[in-house]
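Peer 1: Sequence:
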Amino acid sequence: MSTENKGVSIVSEETCQAVVGRPEAFTAVENVFAAMAKNSAYNFPVVREAIGHADALYGFKSGFDRDGMVLGVKAGGYWPGNAQQGLTNHQSTVILFDPDTGKIKSLVGGNYLTAVRTAASSAVSIAHLARKDSKVLGMVGAGHQSTFQLRAAVEQRDFEKVVAWNFHPDMLPNLEKVCVELGLPFEAVSREELGAQADVI
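Using the numbering used here, read the sequence shown as starting at 5 and increasing by one per residue.
Everything labelled a hint here was simulated from the structure, so no lab data went into it.
No false leads were slipped in.
Heads up, simulated DSBU-like pairs for lysine-lysine below, C-alpha to C-alpha not over 35 Å straight-line:
| # | residue 1 | residue 2 |
| --- | --- | --- |
| 1 | Lys-42 | Lys-136 |
| 2 | Lys-78 | Lys-10 |
| 3 | Lys-65 | Lys-78 |
| 4 | Lys-42 | Lys-139 |
| 5 | Lys-42 | Lys-78 |
| 6 | Lys-42 | Lys-10 |
| 7 | Lys-165 | Lys-136 |
| 8 | Lys-65 | Lys-136 |
| 9 | Lys-78 | Lys-109 |
| 10 | Lys-65 | Lys-42 |
| 11 | Lys-10 | Lys-109 |
| 12 | Lys-107 | Lys-10 |
| 13 | Lys-107 | Lys-78 |
| 14 | Lys-109 | Lys-42 |
| 15 | Lys-181 | Lys-139 |
| 16 | Lys-181 | Lys-78 |
| 17 | Lys-107 | Lys-42 |
| 18 | Lys-181 | Lys-65 |
| 19 | Lys-136 | Lys-181 |
| 20 | Lys-10 | Lys-65 |
Values in this document were obtained by computation on a predicted structure and should not be read as measured data.
All chains should be modelled from the sequences, with the hints used to inform the complete structure.
Peer 2: Here it is, written out as structure tokens:
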């Protein structure tokens, strides 16, 4: 890397959505998990605190991947009142640094990336750990993240049905809508029924 100051790249949420899809997120997460398994990538301790304003939680998650030469920190948290303002409750920004010099390289919108990363983590676990003949996918939760999880999960096995439970049942249509789009039968069930029916949760 050059030590010249070439400025800081700012990558918007829209750009992230245009260039990082589920396949790219899956590959990135799988590669980082492999790097972590051989101790060439690691996370630093997480900081997460209530800020005493807007009932918000704020924190930092950082790490370094020597294989990918990626050094960065995600700053952000949870603002429960955001939904009333038409905003996502979870807000974050990723800051990337040059691992050779420590100079800042990029500010990257972190909301979409957090969603696809979290979904990819589940998808990687299904790809490597779930039975090949898994047919019923169980979804616990139907909030904003759930549709990302569902779309990523169904790409890993030939699921024939989705069963779901949510603390607020009125949110379950979020998942049902995606299931209709994917051509998968959907059933709202109790937690106990979900645990009994699901091959993957």
